[in-house]
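Visitor: The primary structure of each chain is shown beneath.
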Amino acid sequence: MSEDKSKTAKHHNPLHVTIVVTVVTAVCASMLVQGVPEKYVFGLLLAVTLGMLALEKVNKAILVLLGSGLALLLAIWKGLLKQSDHGDSAHSLPVYIGMIDWGTIGIIIGSTIFVELISRGGLFTWVAVKILKVSRGDPFRLMICFSGLTVVFSAFLNNVTAMIIVGSLTIVSCRKLQLSAVPFLLTEGIFTNIGGLLTLISSIPNIIVGSAASIPYVQFLIISGPYCLVAFFATIYLARFIFKLKPLGTDDKRAEAKAKVDSFDEWETVKDRKFFYLSAGVLGAIILGFAFHSSIPILNKMGLEVVALIGATVMLVIYPTDVEGVLNEVEWTLVLFFVGLFTLLGVMEHTGVLTMIGDTLKSPLSSGPVQGPVAMLWSSAFFSGLTDNIPLAAVLAKVMNGFQENFQNGVVGYEWFGEYGHLSWWALIFGAGLGGNLTPIGSASTVVAISILKREGHKITFMQYVKIGAVVVLVQLVLASAYLFAADKFGIIPKVLKTLP
Amino acid sequence: MVSNGHVSSLDRFASVFNAADKVAFNLALPAIDKALVVTDLAEPTAKSYLNAVKNFLGVLDGVHWSLLHGSDFRTVKELLERVEEHQPDVLITYRHLHSEAWRWPYSLGEHLDVLIQVVAAPVIVLPHPDEEGMPEHTLGNTDLVMSISPHLKGDDRLVNYAVLFTRPDGLLLLAHVEDDRVLGRYMEAIAKIPQIDTDTAHKEIRRQLLKEPGEYMDACQAVLAAEGLPVRTEKLVAIGHRLEQFRVMIEKHKVNLLVLHARSGDQRAMESLAYTLAVEYRNLPLLLV
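First to last, the sequence lines map onto chains A and B. For the first sequence, numbering that gives the first Met the number 0 begins at 0 and goes up steadily by one. For the second sequence, numbering that gives the first Met the number 0 begins at 0 and goes up steadily by one.
This is chain B alone, in the form it adopts within the complex (with noise of 0.2 angstroms):
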């Protein structure tokens, strides 16, 4: 048995060497060979569109494209068949595949949901061909690109990502966003704990939350930067309603591209966050990766 002084010290100096050990960003650009681009127009419309896409997506140059059209298939089986025989390394789409759902904001297709959790390639979704009223920055370039997660110390893949489809000399947002309600929740728990010091807890936990993807924000800023790659980045880390947070700033920056994670482990459902953004952002390309 160590006494209570005894642990204490030791979760005191194994806090600061905890803090101390700086969450690293290591940059490798995922190799992108070959793109499908996946339509329900027909052919000369999907060869249209499929011309728009590359126009948008000027970053993947070099890139061996395919196209699939509405006669290539019709249920989701067919879809998924010919997509694995493409083996893409990444899949361009949008909502509501053979369906007029579009025309209906609340969610995004059959096809789409089952896309996007069966294939291990990312999926980038474009606003419906047939879509009005898009804003003017939307489908031009991948100038200012953006790239959100809960927790974004550590991703290193969706930072990758992110960097790979920024247009040289774009912009890259690193944005993150803190739940002010769950730490509402542990705040009220550690205010009812007669041992814990319910300011000093308040005060540190938040200013940790906050100082952690800023740092990693700064590793990446430094890397890209050591590296040489021409892309600037920008920090925007915040706490408060998570959603409403990542509408500001989406709305705010005019961002051509938001990059985020629709996977999470071996779940099914989709990423709440993705989910939600994807179902509300129908005119904003999505890079779900």
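One chain only, chain A, in its complex shape (with noise of 0.2 angstroms):
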């Protein structure tokens, strides 16, 4: 689901941060009595945040809290934050939890402990096997099985995790099958980036745009699934090309790779075949939940992180042997990291940097129906192959928020919104999704693949690599530009994807 890359990063040096904390803490202080405008002032503050959590030298969760912490005290300091701008005053709860958006937070939970215990369960194992045995062990269709299943994997799983089970059977396989395990671990970390793609939940940026745009999750499924389609088979022959996959040439090479892989037994990584069947069923109740959330009477009054969270209890009920194992699986850095963000943002909100922000991305993206979303699509998928995504997609979701709300209070000059404020949300979502590919430090799932690929001997170098993702990454992007208009133009896209409260 997540790109979490805090995981890749090294330790910090605390007497370095504690040095830059100082310097920046002082510098904003500073500029602040001496009357800088505030936006200037928590606008270099998001920017020196931002601009360390690209460089990964610190946790990014320890990197948000310090400045979302750094940013609250400043901004209650000069009397910028009431408490009725955010949050509920009745139960006088602190301003800064009314600015954490407990949905995404919820879903990310939920879904870490009801995925975690799935797979305790054997079921993504037991269909990975599964796909393994369908492709008769012949390279080409093996590549379209694990890509395929790498696709589906991600959108349920976090994408690392996916990376990480479909890589470790390729890894096995391979060596069984006799074949280079590179083209097929490359093609997997692209493949997680579509599979990312797929639902309202594939991916944090997802979650983020998603809830702030109030895309259903059928609609979303409706949207991006036929392109997800379209880039597979695209990306899929693409990878056949680069790496010259060729099918096995006799009747006895087929045999021999068919036996080596009907000799896995898919049974044999289900520990508890009632625990197995038991977590399938919930899986696929909760997938349902998600799907018909909307439609579901009580359910329906409360978000989606709800039906996340219903999951991850029933899981937890029905398996009692290691609840404080599970719970440790939960990606508190990532919970951390969006407290952090969400605070930071909030804040960023108030002091009117996001305004700030919106203002000047305003002129490419109104700058016409075809080159606004374009530019968004290809500057986001951009920035994305370069650092992280979730950041980004947080940010540009806030200033779409706050476009989309000028456009329905009827404010000037956001009337371009009404006519294709709608495909911006989208090019946000195909950018943030596709932008990963780019680079071999674009997405945590590619980083993993060629780790992975180093522990099997095989190096890949930052450019042997890029040449690679920025082929796949320019057709996906041309794919994902054709698709988004040719879905506007059949109404696959509805034009108002929120309505004001």
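The set of hints was computed from the structure by calculation and includes no laboratory data. Honestly, I wouldn't trust all of these hints.
With a straight-line cut-off of 27 angstroms between C-alpha atoms, the simulated DSS-like cross-links for lysine-lysine are [what the hints assert, rightly or not]:
#: 1; chain 1: A; residue 1: Lys259; chain 2: B; residue 2: Lys251
#: 2; chain 1: B; residue 1: Lys46; chain 2: A; residue 2: Lys270
#: 3; chain 1: B; residue 1: Lys253; chain 2: B; residue 2: Lys21
A few chain B residues that face chain A, going by a derived Cβ cut-off under 7 angstroms, partial list only [as the list claims (entries may be wrong)]:
#: 4; residue: Val15
#: 5; residue: Asp20
#: 6; residue: Lys21
#: 7; residue: Ala23
#: 8; residue: Gly61
What you are looking at is a predicted structure, and each value in this text was computed from that prediction instead of being measured. Positions of the beta carbon are idealized from the N, C-alpha and C atoms, including for glycine.
Build the complex: two chains, separate frames, hints provided.
Guide: Below you can see the structure in the form of structure tokens.
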């Protein structure tokens, strides 16, 4: 689901972090004292925080907690935040509590728990071995099967977990079939990002942008599904061309390869069949819950996170043997990162920084019904390829929200949003999702794929990857551009994605 | 760089998939068209010995039999030349050809030592014709065959030979013994590594070591049953002192023919387990493949 690059970061130097925090605090405080407009001071703070995030020298949770803490202190010191701005004053909640998108955090916690438990039940490994057998050991069929598996797994799982499951099976089966794992693992790294586009909860940027744009689960799937299918086949044939994969030449070789993959026993990956069937049933119910959330009485009065949390609770009830161990699997780095990020962006909203960014971006994004969405798609893809796509998606979602509110409130100068703003939302979703394939550091799953290859003795350099990734991203973005306008022309993407309360 | 968490997850899933990869048994019974019986006996006695061998190896029905007697060769070089001329698919002989050393149960004799290592065909080693005090079941038939190996899993060649030499409706014992001394040494090392849970490692390694040959034997049984071969099979999987355990199994089951590997890769010395059993069990027919 998420792009968690924090796990790949090295340990930071405490002295360096202390110096940076002290200097930034001193500079920002003195600027405020000297009367510099708040939006510039807090804009500087946001730029420093995002810049340091891009450098990946410090754990991202620590970084945004520092940034948001400092932003909160400065904003409250200058009286820029009021209790009524956010939260529920009747219950005396602190102002920053209301800034946090608890729906996103609920989905992350809930889905991590139920996915971990379903994984322990052996469902994912069982499916993986079944799919391996479908390939009959033929290299090209194997690539189609593993790529399809990666897309489906990354639609339901964290992208890194999907990469680890499919990657480990790839290594084991390639050893057995005496094939190089390089084409398969690199392609799987790319496919995690396509799978991450499939549903509203497949990746964190989807959750953030989808929630901000109020896109329902089924509508998200209807719009992104056809593109994922097109991108899947295009990428498969591109990979076949790039890696020069050839099918097995003789009947004997085909029979030998089939015998090798048939020797895998999918049931060996399942320890308890009863729990296996139960977990498969719960997963089915959760998917139905997400899909029909808006039609289910009572549930439709709450957010999607409730479905994830109910699923997690049910799974914990039927798997009582290691509750503590399962809860430890929750990605607390990601949860704290979001607490910090949402707080930071909340402060930025109130200090005018997001309006300032919006004013800057308004010109290219409102440049025309084709140019605007294309600018959003390609620029968000480019920046996602260079850095973490989560803060990018979060900042741009806030900015887009501002545009939408201005349009719906009839603010002059925002009429363009009514015409093609809906395409810009989708351009952001596609760009943030696909850009990760551009460089080997663009997405955590690609980092994992390359690391697995390194462990297996295949070193892939930055430029070796970029030569492949750039071609793939180029093709995928051209397809995405064409798809968005075609889908719009055929009325698949509704004009208004959000209604104001 | 991936984090330790990623590496551990990767290893966890790789272990799951490795465990799911079952070693299959491929039934491919070797073709035996020519058998050569090598003796150091005079011609009439040798012919009588050949008849006893044919009787014992009734499974080799329709095979072309050849016989070397004492005057056909004297030195190892001459023996190898005769074998080269015959190009047999299987050799049948006994210990200490052209020697009186068979009375001292401490070696195999120079001819057999070289034959086993040089000739590609499998060698059946029978008790010496002058050996006395052989048990009743010796040289009767091959109703009860036992294949033994320190690494039976995936050893299709050994099992295929064992199947071929088991009489119809006979019993094939598939035996595997894990050496507890080797396991013990690893456990001692693991006990000194804080990152590894010693109890779990001991339990799981032991379980896995016994599970794998057992699964392979199951695969052998399934294939033989599916192919309709009239051979019954029985699994013998144990952990302990390897030689002691094999001794117990051999003596308990009154085996007619023991099938085991004599050669290992390109090493010149005979496999230690095969050599030990070949020296000790002088009354027991051995098929060294």
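Visitor: For each hint, tell me whether it holds in the structure or not.
Guide: Cross-check of the supplied hints:
1. A:Lys259 x B:Lys251: violated (37 angstroms)
2. B:Lys46 x A:Lys270: violated (61 angstroms)
3. B:Lys253 x B:Lys21: At roughly 32 angstroms apart (the allowed maximum being 27 angstroms), Lys21 (chain B) and Lys253 (chain B) break the hint.
4. Val15: holds (5 angstroms)
5. Asp20: OK, holds: Asp20 (chain B) within 7 angstroms of chain A, min 5 angstroms.
6. Lys21: holds (5 angstroms)
7. Ala23: Hint on Ala23 (chain B): holds, closest Cβ of chain A at ~5 angstroms, below 7 angstroms.
8. Gly61: Violated. Min distance 29 angstroms.
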